[in-house]
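*Asks:* This is what each chain is made of:
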Amino acid sequence: MPIYQEIPDISQLQEIARQVRLDILEMLFKSGSGHTGGSLSATDILVALFFAQMRFNPRDPCWPGRDRFVLSKGHAAPALYAVLSRLGYFPRKELLTLRQFGSSLQGHPDSSCTPGVEVSTGSLGQGLSIANGMALAARLNGSGARVYALLGDGEVQEGQIWEAAMSAAHYKLDNLVAVLDRNRLQIDGRTADVMGLEPLAQKWEAFGWHTQEVDGHSFPELLAALKATDGVAGRPHMIVAHTVKGKGVSIFENQAKYHGVTPTKEEYEQALKELA
Amino acid sequence: MAAQESTRVEYGKALLKLGEENPDVVALDADLSGSTQTKHFAKAFPERFFNMGVAEQDMLGTAAGLALGGKIPFASTFAVFATGRAWEQIRQSIAYAKLNVKIVASHGGVSVGEDGGSHQAVEDLALMRILPNMVVLVPADGPETRAMVRWAASYQGPVYIRTGRMPFPVIYPEDHDFEPGRSDILKEGTDVTLAGIGLMVHHCLQAADLLAAAGVSARVLNLSCLKPLDWQLVADSARSTGALVTAEEHLATGGLGSAVSEVLAEHCPAPLQRIGLRDIFGTSGPADILLKHYGLMPDDIKEAALKAIARKNQR
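Chains as they are written, first to last, in our numbering: chain V, 1 to 276; chain L, 1 to 315.
Looking at chain V on its own, in the form it has when it is part of the complex (with noise of 0.2 Å):
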């Protein structure tokens, strides 16, 4: 939340969340290009974080204590963006150039031309080394500030991921917080089917992070397990979200074929009539 605003309850992040959802298909069906299911399944977590956990500042973006958020599955950019841009990074006019040539709103998170966008990301398994190397730069600077990671599920098949696993647990970074988004699709199908991550809370725990598991679309749950990574020294912490791809319509729920289609005209005006 922004340093001078009231953390909101949780009927007002839910309300939050469903007009980011909102924001999001009118992105994607605009552009007519981009990440539907990611983007949905990742929003709660998303509005958990930049709305009632991280603390920073859009009218000083470059505060040196700000908490810093990697999107390492890039992919789901659309959803950064629209939370991004109700919180003032940008105007909320500027969600409907996403994708297009000259946007500042690219396909994938470019920290060159977004504000507020820390990283680049896109290419999946790279974010977490990064924020590691984030909050030991957090940690020599003394400013107490922490780096909050938002992992997918098919992105963990990635080896990088499991080196930046051992390191940050080695490095005993507790002011790092990872949250993956475990909506169980892959563009291939199920990551069951794919290439299986089972059992996957246990693996971080055996990699020495905390680790915690939510349902992903709880804020009294996604709340509650931000807050009790605060009583945990000495280990990075792990928030497994159990959370449903394309979450929020029904026709995109648990469907891995909107991974990366977005919504036909039908499919729109439905979305809005069950986000209404």
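Keep in mind the hints are simulated off the structure, nothing from the lab. One should not assume that every hint holds.
To be verified - In silico SDA-like pairs for lysine to any residue, Cα to Cα no more than 20 Å straight-line:
no. : chain 1 : residue 1 : chain 2 : residue 2
1   : L       : 98        : V       : 112
2   : V       : 257       : V       : 31
3   : V       : 172       : L       : 51
4   : L       : 227       : L       : 254
5   : V       : 172       : L       : 47
6   : L       : 43        : V       : 171
7   : L       : 98        : V       : 122
8   : L       : 98        : V       : 62
9   : L       : 98        : L       : 126
10  : L       : 227       : L       : 177
11  : L       : 98        : L       : 133
All values reported here derive from a predicted model rather than from experimental measurement.
Following the hints, put chain L in place on chain V, whose structure we already have.
*Replies:* Here is chain L on its own, set in the frame of chain V:
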């Protein structure tokens, strides 16, 4: 005989000095801190040194994060692993956002020797040169290594520096300065230009002596700043000598030979002979035997120069 210094050893000393001068300088290694010489920094500044284990991809990503946090990270390992294993991390996490990461990789070229082809980087310069935003440097001696490391720390953006395993003779004065995009004429000459990088600069100088004995006047360039290349110096050399040889401990494609070819094609076409590995990997053996085997010796440069001059004279 001139004093001998190894560029990787001088990197280790320069990094230590930087660490003393600038508290924002941090260093990373991937379990090769003895070979890359980051061990001196590690010993002096343990809180600013991060051994990432045998995990080059994570090392370069972590370096990107440290740069985002305002640090000046120097990340080191063997050139083949830094640029090959972690190429996409360098592309996506570092070069794409023009992050302030310095990659100083040792063991470039076949003079690595006995470890063999798996450990001899002969494609690293091609892999780094192709990346937008990346500066690519190959120092030819100790003073140049120190100057490049100092400059890299003062420059905001990604830099790749290749160091070598073997010691080379010292050719620059102790107070040598480095300026990006500008290269030096080490020896004036009129009949042919010999352009080298790293160890091959010294072989070019020796080749120039061999040519002088045969009545041929060779200009020698140290094109240690491979990117941005001093293209005006290359074009000027093509105009004034009319024939060129490039020499690198690298594939003849993608590195110096290609960079010079590009300048000649666009600005001043002239006969060019490229000294380098021809579509082949390295192999095990003592460095001196390998340098002979792959045609990287002063004699080979001399023969290439005579060929280039003959082509010039046929025009």
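*Asks:* Hints first: check each against the structure and report whether it holds.
*Replies:* Okay, the hints, checked on the actual structure:
1. The straight-line distance between the Cα atoms of residue 98(L) and residue 112(V) is roughly 9 Å, inside the 20 Å bound, and the hint therefore holds.
2. Note on residue 257(V) and residue 31(V): the hinted pairing holds, with a Cα-Cα distance of about 18 Å set against a maximum of 20 Å.
3. Of the pairs offered as hints, the one joining residue 172(V) and residue 51(L) holds, with about 14 Å between alpha carbons and a cut-off of 20 Å not exceeded.
4. Only pairs whose Cα atoms come within 20 Å are accepted, and residue 227(L) paired with residue 254(L) is accepted, the gap being roughly 12 Å.
5. Restraint check for residue 172(V) and residue 47(L): the C-alpha separation of about 13 Å stays at or below 20 Å, so the hint holds.
6. Between residue 43(L) and residue 171(V) the alpha-carbon distance is near 17 Å, which keeps this suggested pair within the 20 Å criterion.
7. Only pairs whose Cα atoms come within 20 Å are accepted, and residue 98(L) paired with residue 122(V) is accepted, the gap being roughly 15 Å.
8. Only pairs whose Cα atoms come within 20 Å are accepted, and residue 98(L) paired with residue 62(V) is accepted, the gap being roughly 18 Å.
9. Proximity of residue 98(L) to residue 126(L) is assessed by CA-CA distance (about 19 Å); at most 20 Å being required, the pair is judged to hold.
10. Restraint check for residue 227(L) and residue 177(L): the C-alpha separation of about 17 Å stays at or below 20 Å, so the hint holds.
11. Only pairs whose Cα atoms come within 20 Å are accepted, and residue 98(L) paired with residue 133(L) is accepted, the gap being roughly 6 Å.
Violated hints: none; the structure is consistent with every hint.
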